[in-house]
Each structure stands twice: as structure tokens, then as C-alpha cells.
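Enquirer: Chain residues, written in single-letter form:
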Amino acid sequence: MSSPVRRDALTAAIAAFFSFVLFYAGARLPLGTAVRMGPGYVPRLLAIALLAVALIIAARAVIAWRQKHPRQTVDFGVTWKGVAFIGAGVLAFALLIQPLGLAASAVIAVVLTSLAQTAESLRERFLLAGFLAAFSSLVFPFALELPLPVLPPLF
Amino acid sequence: MELLSNLAFGFGVAGTWENVLYCFVGVVLGTLVGVLPGIGPATTIAILLPVTFDLSPVGSLIMLAGIYYGAQYGGSTTAILVNMPGESSGVITALDGHQMARQGRAGVALAIAAIGSLFAGTVSTMFIAASASTLSELGLMFGPVENVALMTLAIVAVIVMGRGSVVNALLMVLIGFALGMIGTDVNTGRARFTFGIPELRDGIDFIPLAMGLFGIAEILRTLEAPQQRDVLMRRIEGLWPKWEDLKASALPILRGTGVGTLVGILPGAGTLLAAFSSYMLEKKLSKTPERFGKGAIEGVAAPESANNAAAQTSFIPMLTLGLPSGSVTALMIGAMTKHGISPGPQVVTQRPELFWGIVASMWIGNAMLVLINLPLIGIWVAVLRIPYRHLVPAIILFCCIGAYAVNNTPVDVVVLALAGGFGYLLSRLDCDPTPLLLSFILGPMLEENFRRSMIISQGDPSIFLTHPISVTLLGLAAVILAVSALPAIRRKRDEVFVE
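Sequence order for the protein chains is A and B.
Per our numbering, the first sequence starts with residue 7, numbered consecutively.
Per our numbering, the second sequence starts with residue 6, numbered consecutively.
Isolated chain A (complex conformation):
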């Protein structure tokens, strides 16, 4: 993704995607008139604007591609490992917080996110997870009085 052409192509695709969703999911919303706008009026304007931006960015990509744009940015690679494990950790927390409570879901989320980086040992990951789970089980529900279930609802 380091070349500007590929970057622009992807950016244009994102713009087109949002435009499509607004058109498609907004199709059933009444448009109304300019005086009495319905709920679909502004989304439709937005979808048209997004389509225009998508076309501009795509045109920019084509021009850059034709010119074989020499400017390449020095960049580090995408951290797929980071995205995968941090994403998995956060989603696991979302899934488990209600059935399992804070303590258990914190342990699982921390172990998963810690896999995004190298550690000395598996033991280190679990120690960290245990410490953070204990810390947050004590601080958030009790010290800050947030209404979080610490243990599964069965207990």
C-alpha cells in the first residue's frame, strides 16, 4: 500500500462504498421536498457528494498511474499481526463481557492482545493478564463504581 496509486484506488473504493450504502439503504426513506425535507433528503445529497469525491480520487489515481509518479513514501509495513490480535481481543471482550463477567473476559482479552507483540514467555502473558484483570476488577466496579459485572451472573 505504499504506492500513491494503490492508496488512492483504495480511498476511492471506500468513498464509493459509503455512497453505495447511502443510496441502497436510503432508497426506502421518503425524500420529501426542498421545503419539507424527508428523512431521505440529506442522505441522498450525501450519497451524490460521496460519489463525486470517489470519482475525483479515482481520477487522481489514474493520472498518477499514467505519470508513473516517482514519489514513494518510506513506510513501515502494515501490522497485520497487530490488527488481527488486537481486533480479536476487543471483539472477544465484546462477546464475553455479559456472559462471563469482567474478570474472565479481561484475562482472555489481554492474552489475545498481548499476542500482537513478542513476549518473553507464555507465562509472562498470563501474569500480565492476571494482574490487569485483578486490577480492573477492583478499580472499575468498586473504586469508580461503574456498573460492571465482575463474575458470571450465575454466582
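I should point out that these hints are in silico values taken from the structure, not numbers from a laboratory.
Where hints are given, some of them may not hold.
[What the hints assert, rightly or not] Using C-beta positions, here's what the derived DEER-type ranges look like: (1) A125/A with E229/B: 16 to 26 Å; (2) R206/B with A40/A: 26 to 36 Å; (3) G148/B with I54/A: 26 to 36 Å.
[To be verified] If you want a taste of the chain A side facing chain B, the calculated C-beta under 10 Å gives, among others: (4) V41; (5) G44; (6) G83; (7) G93; (8) A110; (9) A112; (10) T119; (11) A122; (12) A125; (13) F146; (14) L157; (15) P158.
[Said to hold, decoys possible] Residues from chain A that keep clear of chain B, each with C-beta distances beyond 10 Å, as calculated: (16) F24; (17) V68; (18) I69; (19) W71; (20) R72; (21) L128; (22) R129; (23) S142; (24) L144.
A virtual CB, placed ideally from N, CA and C, is assigned to each residue, including glycine.
Place chain B on chain A using the hints.
Expert: Chain B in isolation, oriented as in the chain A frame:
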């Protein structure tokens, strides 16, 4: 003196023990997170947003402001000690500050940064108080038409002042609007773009969105580069600057304050431009410019005063008009709307306790920075020594808990994950998410005011050009757009961001 009585009123609000406590907690937490390498004020505020949402509106904004100063100062501490600034304006401080640290003068650099910040904070607080009294009169003249024009100006300012391509910034604005559409339509009560998920009927919550875009995305960004830190293991001694250090810094602090105060008011300019301009000014005025970059104390004193002054005065357009000048003020506006306060010129007159309380707490926060942070410097250094592989899971976990606790729904945690992934994708694509967040916040208000204006004008869009305030604001937006399109200015702007 109206100014003094207003300030006294403000200190009355900010001086209650709870508000002082909130300010204190904000400053400490802000420094704690801000000191972490690679984490700037916007990320710090985003991560800590859930801590503040339960408080009263005044308390939460006071705490957020405290977090901001703490983060700013924490960033400078990291810049000086580790040469890894968390935010862009810290880059300037790192130039000479880190050199001073290498020469064993870390303590002096930190102390001068704190003293300069306090002085700048005092001056800019007075400045805010003075300018607000006059600006607040404006608020009474605003209706839906004027609001539309003002929000348009805010969005144009953020598009123009941001980094990178203007088209990309425009795309961010449109996506922000689109995400803001999710939820129930105000006028008809009809659900829009909720895709059958009942939790989305109230819209996407601002807090998990901001935490994902600024917090998680930023953490992912730091994972790309291998973490190399050379933390000063030496004990920091000689915290108090000598007489000649103070003498050398006095004028730079004064000039930095002046530059920062003025630059901060410009919508969208932010602290980087302030720190950069004042550093260049000192280098130009100095008889020995070759010392800069090699540990010149002026090179710490001036940009630190400037960025603090700018950090404060950037609240002027935010509090008096609802115009953000960057990601930090955009986050604050989001927090305000979360508390049911619509940002705009009416805030000063309708919520004087909020406005003057925040102004007074700015000064209290700055004083706390000096009183707390210097004695606690040992703690911040200890934080810097925690291995990064332990910090990342901890921050992510706290983000999850924070996102969940806002509405006690796992949907918000899913939003956090998606926003984090999307934010990371955007940063890979050179798209700064600040305009997205801003239009997400302003979008629903803009739509409502736009629809009301069209009812007033019977569907005639020329109403925006016949109301005097509206046409002035839109004209200003057009001028900013036109000026930014001039090639000379664009080049200059790119230069500033490259440095």
C-alpha cells in the same frame, strides 16, 4: 470591571473542592497517559473520555481540559527524556530539550518547560477572559440560518488546516456525516441506517468511535515500527534552573507566549504551528543561532510557552463559537454535545458557569502542572520504563472497559473495534480522521438547522446569502478555501508539516 467579576465567578465555580479534584485527577491521568511514547493529547483524551462521562457537564469539561494540559506536558516530558514526542508540537521541544537531557540538564529543561507553560497559561487565561466578554454578545443574534453558516465555516477550517490532501479531508467530512446519520431522524422519528440493530437507534456513540479512531488506531500505528527507546537511566537532578537559565529564558517565554496566544486563535492552526513559529523566531533573533538543536535553553522555553498558550487560546473559537481548531477541540465539542450542550455562541450567555468555570480551571490546571508534575517526575520516568509490550494490552483493555461502561452494551465495544480498524486503515491512506469526527458531531445539528432554515425560506437556498451574519461567515469560509488553494500557501503548509 466586568472582566474581573466574571473571572471571580469562574474561580467560584472551578474552586469548589469537587471541581479542583476533577482538575487534579485530569492533570495526573493526562500526564500519566500522555507520557507514554507515541501517544499525543488527542489519543490521551480519547482513551480517557469514559472516565469523564459520568460527571456533571462542568466537572467533565474541567477534567477533560486538565487531561489536555497533562497530556501536553507529559508529551513534552517524553520529548525531552526519550526523544519520542507523542504529539507533533513535541517534535520542536525534542530538538533542544533532548540535547539538554543528554548533557545532564534534563531537570532544567523540564523545569523551564513547566515555568514557561505556567506563565503562558496565566497570560492566555486573561486573554480568553477579555475576548470572551465581547464575543458573547454575538450569541444572541444566531438562528438556524446563522448556525448552518457557522458549522460550514468550522468544517471548511478543519478541511483546510489539516494535513495532506484537501479531497481526502472532504471525504472524511462526508463519511463523518454519513456515520452521524445512523439513528433516529429528529424530525420524523424514523430509524435511518440502523440495519435492524436496536442499539443503533440512538446513533453510534461518540465515545467508542473517538476511542477507536484515535486510541486503537494510534496503538496499531506504534506497533508498525520497532520500539526503540533510550530512556535516561540517570537520576534526574538539579531540577531548579540557575539564575542565568531563567535570565536566558525570560524573553523567549514572553515571545513564545505572544506567538502562541495569537496562533492558537486561528481555527485549525493548533499547537504545532505555534511551537514551530516561536522556535523559528527565537532562532532568528538569537545572536548565536548555531546553538539551536544542540541544547539551547531558548529552544525549549519558547516553543513550550507557545504551545501551551496556543492550547489555551484554541478554546476561544471552541467555547465562543463552537469552532474546533483540531482534533483536541473536536473531541471536547463531542463531549459537550454528549452532555446536551450544543456548542455555539449561546454557550457564554446561557451557561456562564460552564464557560467561566472552564476558563478559571485552565489557570488552576496550569498551576497544578507545576506543583504536581515536577515533584512527581520520578513517577513519570518509571512509567516510561514499563515495557511497551505490557502497556499495549493494558491500554486496549481499558479502552474496552471504557467503551462498554458508557451505555453498558457490548455493541459499543464492537463499534470500538470497527472504528479502530477503520482508523488504522485511514492512517495508512494518509487520511486524518479529525474532520470525520467533527462532522460526525456537527452533522446531525447541521442537518436539523438546515432543514429548519429551508422551512423558514420556503425552500429557497438563497436565504444563506441574504442574512448578514450568515453571508459573512460563508464569505470567510470561501476566502479560507480560496487562499488555501493558492500554490504558494499550499507549499508553505506542506513545509510546516514536514518539519
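Enquirer: Determine for every hint whether it applies to the structure shown.
Expert: A quick look at each hint next to the structure:
no.	hint	result
1	A125/A with E229/B: 16 to 26 Å	holds, 18 Å
2	R206/B with A40/A: 26 to 36 Å	holds, 27 Å
3	G148/B with I54/A: 26 to 36 Å	holds, 28 Å
4	V41	holds, 4 Å
5	G44	holds, 7 Å
6	G83	holds, 7 Å
7	G93	holds, 6 Å
8	A110	violated, 13 Å
9	A112	holds, 6 Å
10	T119	holds, 4 Å
11	A122	holds, 6 Å
12	A125	holds, 6 Å
13	F146	holds, 6 Å
14	L157	violated, 15 Å
15	P158	violated, 15 Å
16	F24	violated, 5 Å
17	V68	holds, 14 Å
18	I69	holds, 13 Å
19	W71	holds, 16 Å
20	R72	holds, 18 Å
21	L128	holds, 13 Å
22	R129	holds, 14 Å
23	S142	violated, 6 Å
24	L144	holds, 12 Å
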